[in-house]
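Let chain L serve as the given structure and place chain W on it in line with the hints.
Number of protein chains: 2
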Amino acid sequence: MSSPANPTTRVACHTSAPRIGDLAGNCDRSVDAVRAAVAAGADLVVLPELVTSGYVFASVEEAAGVAIGPDHDVFTRWARAAGDAVVVGGFCERGCGGTLFNSAAVVDRTGVLAVYRKLHLWDEEKRFFAAGDELPPVLDVRFGRLAPLICYDLEFPELTRHLALAGAEVLAVPTNWPLGPRPDGERPPEVVIAMAAARVNRVVVVCCDRTGTERGQRWTAGTTVVGADGWPVAVQDEGLLVTDVDLAPTRDKRLTERAHLFEDRRTDLY
Amino acid sequence: MSSPANPTTRVACHTSAPRIGDLAGNCDRSVDAVRAAVAAGADLVVLPELVTSGYVFASVEEAAGVAIGPDHDVFTRWARAAGDAVVVGGFCERGCGGTLFNSAAVVDRTGVLAVYRKLHLWDEEKRFFAAGDELPPVLDVRFGRLAPLICYDLEFPELTRHLALAGAEVLAVPTNWPLGPRPDGERPPEVVIAMAAARVNRVVVVCCDRTGTERGQRWTAGTTVVGADGWPVAVQDEGLLVTDVDLAPTRDKRLTERAHLFEDRRTDLY
Numbered sequence: 001m002s003s004p005a006n007p008t009t010r011v012a013c014h015t016s017a018p019r020i021g022d023l024a025g026n027c028d029r030s031v032d033a034v035r036a037a038v039a040a041g042a043d044l045v046v047l048p049e050l051v052t053s054g055y056v057f058a059s060v061e062e063a064a065g066v067a068i069g070p071d072h073d074v075f076t077r078w079a080r081a082a083g084d085a086v087v088v089g090g091f092c093e094r095g096c097g098g099t100l101f102n103s104a105a106v107v108d109r110t111g112v113l114a115v116y117r118k119l120h121l122w123d124e125e126k127r128f129f130a131a132g133d134e135l136p137p138v139l140d141v142r143f144g145r146l147a148p149l150i151c152y153d154l155e156f157p158e159l160t161r162h163l164a165l166a167g168a169e170v171l172a173v174p175t176n177w178p179l180g181p182r183p184d185g186e187r188p189p190e191v192v193i194a195m196a197a198a199r200v201n202r203v204v205v206v207c208c209d210r211t212g213t214e215r216g217q218r219w220t221a222g223t224t225v226v227g228a229d230g231w232p233v234a235v236q237d238e239g240l241l242v243t244d245v246d247l248a249p250t251r252d253k254r255l256t257e258r259a260h261l262f263e264d265r266r267t268d269l270y
Numbered sequence: 001m002s003s004p005a006n007p008t009t010r011v012a013c014h015t016s017a018p019r020i021g022d023l024a025g026n027c028d029r030s031v032d033a034v035r036a037a038v039a040a041g042a043d044l045v046v047l048p049e050l051v052t053s054g055y056v057f058a059s060v061e062e063a064a065g066v067a068i069g070p071d072h073d074v075f076t077r078w079a080r081a082a083g084d085a086v087v088v089g090g091f092c093e094r095g096c097g098g099t100l101f102n103s104a105a106v107v108d109r110t111g112v113l114a115v116y117r118k119l120h121l122w123d124e125e126k127r128f129f130a131a132g133d134e135l136p137p138v139l140d141v142r143f144g145r146l147a148p149l150i151c152y153d154l155e156f157p158e159l160t161r162h163l164a165l166a167g168a169e170v171l172a173v174p175t176n177w178p179l180g181p182r183p184d185g186e187r188p189p190e191v192v193i194a195m196a197a198a199r200v201n202r203v204v205v206v207c208c209d210r211t212g213t214e215r216g217q218r219w220t221a222g223t224t225v226v227g228a229d230g231w232p233v234a235v236q237d238e239g240l241l242v243t244d245v246d247l248a249p250t251r252d253k254r255l256t257e258r259a260h261l262f263e264d265r266r267t268d269l270y
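Chains as they are written, first to last, in the UniProt record's numbering: chain L, 1 to 270; chain W, 1 to 270.
Chain L with its partners taken away, still in its complex shape (with noise of 0.2 Å):
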């Protein structure tokens, strides 16, 4: 709990392997995890991409027999299950007209407070999901200024930068990391990409990837939590993760008294 005598805020990430097409069992596990994470004193609990759904389709038609708008159950459930922390959690989105997106719900004990919509798409998931077409909403919840964004979105340092200056303290990031080579002892790359904007942005990071094999699609299993000074708080590879982090940091962006993260970009050039 945040407050004026314990100002860090707790934050969860529950890394699990969805099974692909199993909306009710998923759906059951994501409420389960909110319940734990909840239970251990959470202020924000992250569950990851496509939570309610799995990832690796074999065609359209299954996965929009697993999409669900922001009216389904499953939020009202994570609300319910929510006491004081926020949820954001991905899902399989049905929109008007039936189109598909790969979205991110922000749910509190009063309901969806935003739906945000994947606006990178990786690979395949072209074949599957419209993009979003409006940025991430910088929501204030009671610890303070949160943006969701999905996965691959990460890696475009323009939208990590945009949120900042929006004003977002955390950056929420659902995510399903496909795992590739990368050298020994080094962490996935995508953490990388998520030290080095919590780094130069000042804000914290927390990435709740996913588990498994699906379809013979191995993950990376990477959840990390990263600090506004850009070094990881903690990580998990399975379960639930619980750890504090500090967002005070993330409200001043002066690096010296004559040095600042923002005020020394050269916006007249670029």
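Hints may be right or wrong, so weigh each one.
Claimed, not checked - Here are some, though not all, of the chain W residues that point toward chain L, as calculated from beta-carbon distances under 7 Å:
| hint | residue |
| --- | --- |
| 1 | 119 |
| 2 | 126 |
| 3 | 189 |
| 4 | 193 |
| 5 | 200 |
| 6 | 253 |
| 7 | 256 |
| 8 | 259 |
| 9 | 270 |
FYI, nobody ran anything at the bench for these hints, they're computed from the structure. The beta-carbon is built from N, C-alpha and C at its ideal position, and this holds for glycine as well.
Then chain W, alone, in the frame of chain L:
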């Protein structure tokens, strides 16, 4: 040497400790460094920021006393020593009317190809230098397309993105990174930022740092060459680093059949 049979580019960085105010000695040592790098077969030689002057000036007058123009003899000597290589190194520049700039010269056997004036001045540098007012050039050189940056410039993703979009394949970055705290086992934070810049733009980033202690200021000595995939190829804390990098991947920004680093940007929104 770059050739069809051996398409890699040999990069050399010389991590040294310039002596504050010792223009003649620093120049001599910089020429020695170019000679050693060229003898090792370098196609590209990168030297630290302000390698001719040192960094921690006590006064504007002291900086002015070691400021030079692009017609200074040291650049003629770099050119004579360059062989087939391109040399990028930092210097304290005296501009028209005596204005001082924190600049980098790009030199080949024909002489000075370009002078770039640092756009983002770090902290106390603002007491001594005027900021440049032109974006770095992207130069067609023998082995590829090269752009110079200086130190803190690298921490503005707008600029690295701009240069990659403008066709830069390798960023040559003279730096003087002040040593700061970081968790045990971590790279310097500037290297993390360089890795992310390399990865999201698929460019090679060559950071040549300095070493030593100057008027109480300790330096990171974090010289690092980052490949186009975002992973460090080589690091060195003192003396001559020589390593081979492949610029070919920088010429194709496609990640998968349906994902592309540049085409996936949402320039309609940011």
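Taking the hints in turn, this is what the structure says about them:
1. 119: With a closest approach of 5 Å, the residue 119 of chain W hint holds.
2. 126: Cβ of residue 126 of chain W sits 5 Å from chain L, so the hint holds.
3. 189: Given a least distance of 6 Å, the restraint on residue 189 of chain W holds.
4. 193: holds, 5 Å
5. 200: holds, 5 Å
6. 253: Since chain L brings no Cβ nearer than about 12 Å to residue 253 of chain W, farther than 7 Å, the hint is violated.
7. 256: Where the cut-off is 7 Å and the nearest Cβ of chain L is about 5 Å from residue 256 of chain W, the hint holds.
8. 259: holds, 5 Å
9. 270: This interface hint holds because 4 Å falls under the 7 Å limit.
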